[in-house]
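These protein sequence lines are chains S and L, in that order. Position 17 (the first sequence) corresponds to 17 in our numbering; numbering is contiguous. For any residue, its number in our numbering is found by taking its place in the second sequence, counting from 1, and adding 300.
Please note: incorrect hints may appear among the correct ones.
Estimated spans, in silico, between C-beta atoms of each pair [what the hints assert, rightly or not]: (1) S:143 / L:417: 46 to 56 Å; (2) L:413 / S:79: 32 to 42 Å; (3) L:391 / S:110: 23 to 33 Å; (4) S:110 / L:525: 50 to 60 Å.
Think of the hints as simulated: they come from the structure by calculation, not from any bench. Backbone N, C-alpha and C fix where the C-beta goes; we use that ideal spot for every residue, glycine too.
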Amino acid sequence: MKSFGMIIRIALAVFGAAVPFIGSPYLMGVVFQVAMWIALAQSWSMLSATTGYLSLGHAVFYGVGAYVCVLLTGKIPFELALLAAAGSAALFAALVGMPVLRVRGPYFVILTYGLSELVRHIVMRIESALGSFGRMIFDVPATEVLLWWMVGLAVLATLGAYAIRHSRFGAGLAAIREDEVAAETVGVPVTRLKLLAFVASAAIPGAVGALALLRTSYFEPAQAFDPVISFTIVTMALVGGTDTVRGPILGAVGFALLSELLWSSLPQLYMIVLGLTLIVFILFVPRGLSGLFGRIGRAS
Amino acid sequence: MAFLDIKGVSKRFGGLMALNDVTLQVEQGEIFGLMGANGAGKTTLFSVIAGHVAPTAGEVVFDGTRLTGLSPSRICRLGLCRTFQIVRPFAGLTVAENLRVAALYGSARKLSTREIAQVVEEALEAVDLADRGHLDAAQLTLSGQKRLEIARALATGAKLVMLDEVMAGLNPTEVSAMLDTLGRLRTERGLTFVIVEHVIGALMTLSDRILVLDHGERIAFGTPEEIGNHERVAEVYFG
Numbered sequence: 001m002k003s004f005g006m007i008i009r010i011a012l013a014v015f016g017a018a019v020p021f022i023g024s025p026y027l028m029g030v031v032f033q034v035a036m037w038i039a040l041a042q043s044w045s046m047l048s049a050t051t052g053y054l055s056l057g058h059a060v061f062y063g064v065g066a067y068v069c070v071l072l073t074g075k076i077p078f079e080l081a082l083l084a085a086a087g088s089a090a091l092f093a094a095l096v097g098m099p100v101l102r103v104r105g106p107y108f109v110i111l112t113y114g115l116s117e118l119v120r121h122i123v124m125r126i127e128s129a130l131g132s133f134g135r136m137i138f139d140v141p142a143t144e145v146l147l148w149w150m151v152g153l154a155v156l157a158t159l160g161a162y163a164i165r166h167s168r169f170g171a172g173l174a175a176i177r178e179d180e181v182a183a184e185t186v187g188v189p190v191t192r193l194k195l196l197a198f199v200a201s202a203a204i205p206g207a208v209g210a211l212a213l214l215r216t217s218y219f220e221p222a223q224a225f226d227p228v229i230s231f232t233i234v235t236m237a238l239v240g241g242t243d244t245v246r247g248p249i250l251g252a253v254g255f256a257l258l259s260e261l262l263w264s265s266l267p268q269l270y271m272i273v274l275g276l277t278l279i280v281f282i283l284f285v286p287r288g289l290s291g292l293f294g295r296i297g298r299a300s
Numbered sequence: 301m302a303f304l305d306i307k308g309v310s311k312r313f314g315g316l317m318a319l320n321d322v323t324l325q326v327e328q329g330e331i332f333g334l335m336g337a338n339g340a341g342k343t344t345l346f347s348v349i350a351g352h353v354a355p356t357a358g359e360v361v362f363d364g365t366r367l368t369g370l371s372p373s374r375i376c377r378l379g380l381c382r383t384f385q386i387v388r389p390f391a392g393l394t395v396a397e398n399l400r401v402a403a404l405y406g407s408a409r410k411l412s413t414r415e416i417a418q419v420v421e422e423a424l425e426a427v428d429l430a431d432r433g434h435l436d437a438a439q440l441t442l443s444g445q446k447r448l449e450i451a452r453a454l455a456t457g458a459k460l461v462m463l464d465e466v467m468a469g470l471n472p473t474e475v476s477a478m479l480d481t482l483g484r485l486r487t488e489r490g491l492t493f494v495i496v497e498h499v500i501g502a503l504m505t506l507s508d509r510i511l512v513l514d515h516g517e518r519i520a521f522g523t524p525e526e527i528g529n530h531e532r533v534a535e536v537y538f539g
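Next comes chain L alone, as it looks inside the complex (with noise of 0.2 Å):
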């Protein structure tokens, strides 16, 4: 059975069906990537496993707990755990505390105290934070707090991460170093990744697999190459 399995889910809002009969499995240790033009759905499919959002139909099975129906802390505590695009640091709480809170909360079972400052530490050294703990998050970089957001999934000892276009707004060096922090994670954690970006060559770089959404379905489904020479996804993307 899949890490993550998607089955057959569906979100309508009103009118408008932003997810239609969307199913995939991730399997663990990978990074799967998640592309399609705005609108397409990702965000929501997101939203959807992470449980803000609760599905029209269908259900999403991890690690074989279903999630559907259950909220966003408890499926933390299951292991998975997501960013946001737009980012919600607690502005008002110094980086470390950040991921304290993450640590004493997102984790399956209660940490020491000792635990909790190794997890903090190990999370701001993941993604090059260590020097910056003491400031206010309010004061980091928009580079700065993307990486906040990582390091806030990490702490909560997540076995996926779902990372909703977090190379966005960053220049091309501060993309190449997040590229190294995730493909290191990947291979000294054995993380999860599921990722949604619109830097096209970051995606396609980091991915095993990849799935295009458009108008909330599948179009295409496979290994970078793949992707990259399929039809539709030129036609949505290049017209």
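Isolated chain S, as found in the complex (with noise of 0.2 Å):
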């Protein structure tokens, strides 16, 4: 069963790698977006999975990543810019985490999006000031290239996530899911697991954002920063599951082949859609598509 999954996931990636060939440019842009949701949230799971510290603010990363790869494009290779969106993407983490990681619960869900909307009006002001709104870049990769990478971006988180759930790291990340301060008291470190899970879940998001910028060669901070981005991790994570790594990769290929279809048809209900998804999934099926089809495959 296990192995089973694991031959899903290669050939799911395998597949990605191989759409720029077939040519589609429809085709690829699907794909960019699965893979992109799927890296997203997947990342997410990193840090709100397991501790449960919900995250309402990961816009806030891809953001910065975004930002990072319009200052530098042009002036370092394509490639370093990814590293250093991430890089900085990171870096932003291990600075917040320490106040942001000192609250949970509803308080973490609140100042997460809080703090995501705050740096979202900074970079806005700050883009205003310099009187542009907006920048176009010129001298992007190719599409495949992208494509490609944001490929490999999805795989590494999916391995990421799998690999944090089966490590000491994330035994202890349970733990202090499961109580703090009992966590503590068996030796668990619990603010510095915590702070790693932030940063962790963090970087990729930001090479994901440079990625999406470069996609398309806009960008604009209300964009960047938007807060639907956070929403919907969350609502894929959710409707997915967060008991397993092929959670995340469920939900957000279900939700990106409802929104293409969506998209296309009726796109002022997409949102209403994703919303009430979530509170059907919340209230209906706690464990999300992962744990339907888990139990499914038990009852047969």
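Make the complex out of the two chains shown on their own, each in a separate frame, by following the hints.
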């Protein structure tokens, strides 16, 4: 069963990497989106599924990555700009992590959301003070190159999430989720582990933000730090299920395909469907698609 | 020098003196009892020793290392671990996983996978939970969860374990089983225990020496017989 799931994952990755050779721009666009959401939801799960600290502000890492990338593009090679985007997002998480991770439960949810909005408005101010209301980027890498990188990030994030869950680090994070005081008492360095998880979950979204920026070749702060990105990540992860590594994949694939359908036919319904699905899943399918499939699999 | 040396520890919460200049020494291998009415400062003393609460004055030295100012996780890795009066299991993890976390993080050095499995198994057996390892911790009875608290402290490899009312809420049969367990752990593993207990009979049976606290101050100290005959103790307990 485990190896079966692994085969599917590898097959998806290979398919993603092979798409450019098929050559349909539409298909490339869809796969790019799916890979992007898998990378984001999987990264989010590294902190939020493991420790139970639900971040509603992951757009900030995506935005920081995009911003750093737009500032560096043309000045340094594209691969280095990606690395810098991931590094800055991680560094930003390390800096704000200490105070932010002092609160938990609903306070953490609200604080991460507020932080993300704060940074969005600061960047908007800076940009308008500089007299730019959006920056065009020229000389972006080919679409195929961007797609390969995005699929690579999705695979990397999935492997990372898997490795964390099955490591000593992951066991410590699970203890933190269950009872922080008890965890500290039996030797888990709670503060340090939480910060590490926060940093780990921020890095890949930084690179994702940079790639998404290069794909559209246009930077606009309100878009790069759009809170809808945060909402979508949380919705996908919860709908997919946070108990397993395949959950975020199921959620991301399901939603990305759903949005393709809706955008083409009924764009105004997209957010409504997103919200409704989240409500239905939280109320009736708390373990997500992953738990649902697991149950059906066991029943048959 | 004493194994656990508590020197003039005071703790003030606003206007309340929860602990007032408490000094005591615990020797290696003994079972040291702490007695006192509600609010006497027993749990506060535990919290100060384990690093959850910083003392207003005084210091705690364990096995030659000054604990004051260290984090609870660091103190645990030095070999001192506490349990909680109101149990705090990792409810969503299995009993064995609870112990695995303690073994992974609590010991002074990094254990191999095989050593971890062995520590978990030994801790389960020590508290008679060997057949419950696969259950979610939330599924255990109260008695089971109190045992899990002890097992988790054992799995950290602690040399000194502080037990905060592990008998409270247990029926007489369970109390006597718990007494057996603790006595066995002391003789078989050479562990040192500091125990807080409201079940006075149990405390008298187990302890080598007992310290009685009242309103944060020590009012009596001695063997169980001496405490039993002590005037002020009778006064505090029976009015």
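Here's how the hints hold up against the structure:
no.	hint	verdict
1	S:143 / L:417: 46 to 56 Å	holds (50 Å)
2	L:413 / S:79: 32 to 42 Å	holds (37 Å)
3	L:391 / S:110: 23 to 33 Å	holds (25 Å)
4	S:110 / L:525: 50 to 60 Å	holds (59 Å)
The structure fails none of the hints (numbered hints given earlier).
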